[in-house]
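Student: In our numbering, the protein residues as written are 3 to 398.
Fair warning: there could be bad hints in the mix.
To be verified - With a Cα cut of at most 27 Å, we get these calculated DSSO-like pairs of lysine-lysine:
(1) 246 to 56
(2) 393 to 361
(3) 221 to 246
(4) 96 to 138
(5) 96 to 56
If you are wondering where the hints come from, they were derived from the structure by calculation, not from laboratory data.
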Amino acid sequence: MIKNTFVILMCSWMSTTCAQQWSQISSPYGGNLRCIEFFDQNIGYIGSNTELLKTTDGGNSWTTTPISGFSINGFSFPTSTVGFYGLNNNVIRKTTDQGATWTGQNPNASPFGIKSLSFVDANNGWAVGGGGTIRKTTNGGTTWTTQSAGVGTSDLNKVHFFNSTNGICIGDAGKIRRTVNGGASWSVVAVGASADLLGMHFVDANTGYIVGASGTILKTTNGGQNWMFQTSGTTAWLYSVCFKNATEGIAGSTAGLILRTSDGGANWVQENIGIFVIQQAMNDIIYQNGRYIAVGDAGRIATDQLMAGMDEVVPPPSVMTISPNPANDAFTVDLMNVRESDLMLNIYSVTGVLLRSEKMNSSHQRFDVGSLGSGSYLVELRSDKTTAYSKLVVQQ
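Can you make the complete structure from the sequences, with help from the hints?
Tutor: See below:
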């Protein structure tokens, strides 16, 4: 992640093409986007920290609806009209009209949030999450029963069911569990992994991929009974993975880093697509309408298909200016139309090392250069709702 920052900064500051062409899709929300799913070729949703984003034109434009203060972590849309999403407060919401209305469900009281859902039809589904949580419903979410995968209090991050009996779940510390009886019992799948496993995608009933921390990539060709390590060529965390066919797929990391394969994962090639900067994660990827759509931190929505009227990378409008720039002994940060009280100003080296972090107490604030030596730096303005970046040059 951090090692790729210099490349990305140079791409942004010098307008250099870094990878296969990607476009940034305009987002109405600046917080973290966590998951994406579509009902059909037009209607889709993105889950975020405090908003539910919706598209009716296949992902070209998005609108927002506030939710009740808890993050949406995962979707499952088993039919063209019925869908579910899970929240950090252990609530699951259901729609029967493509999201025009949503009703709440509580799958047994629990302090842990729902991270992932998998429904095989409108009635049968599973939800997993924090503290080893597994819940099952056979009546469309009206009632839920508790299951145990034997992972203790480790988080379960993703679940996938092929049918009403066979399923896989993955979690922290390399945990993989498999069931052949609808979750009545779960068996340990030993792969020798210790990294947190974060993303999972099955191409078909046999072939699937898992990605996770420290560049971990695993592949199965027998429905999850056995998994093989693949060489990613990176130690960066991988949060998401998606294949558009049996051989071509991508895995998403941070700071615009993706890994691409065209031979079913035998080889992975690193690319920097820009758009995602510094510690911004690519949290979910979907292949929809002949293109990848990736969502991540700071409201980023990206696609590998150039949008009409867009440049390759479209930066968000600037809310921050720095002067003088270059700076000698001090510089001033001015904010425009930003009124949050929890703003932090972070200064990174071009290798991605966080050097300073200070609270913004006003919209016009002076900072001493201090121990920063001559050179270029990345200044990040961050809150729960706002993220902005600017280049700072120090000349001493």
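Student: What hints, given by number in increasing order, does this structure fail?
Tutor: Those not satisfied: there are none.
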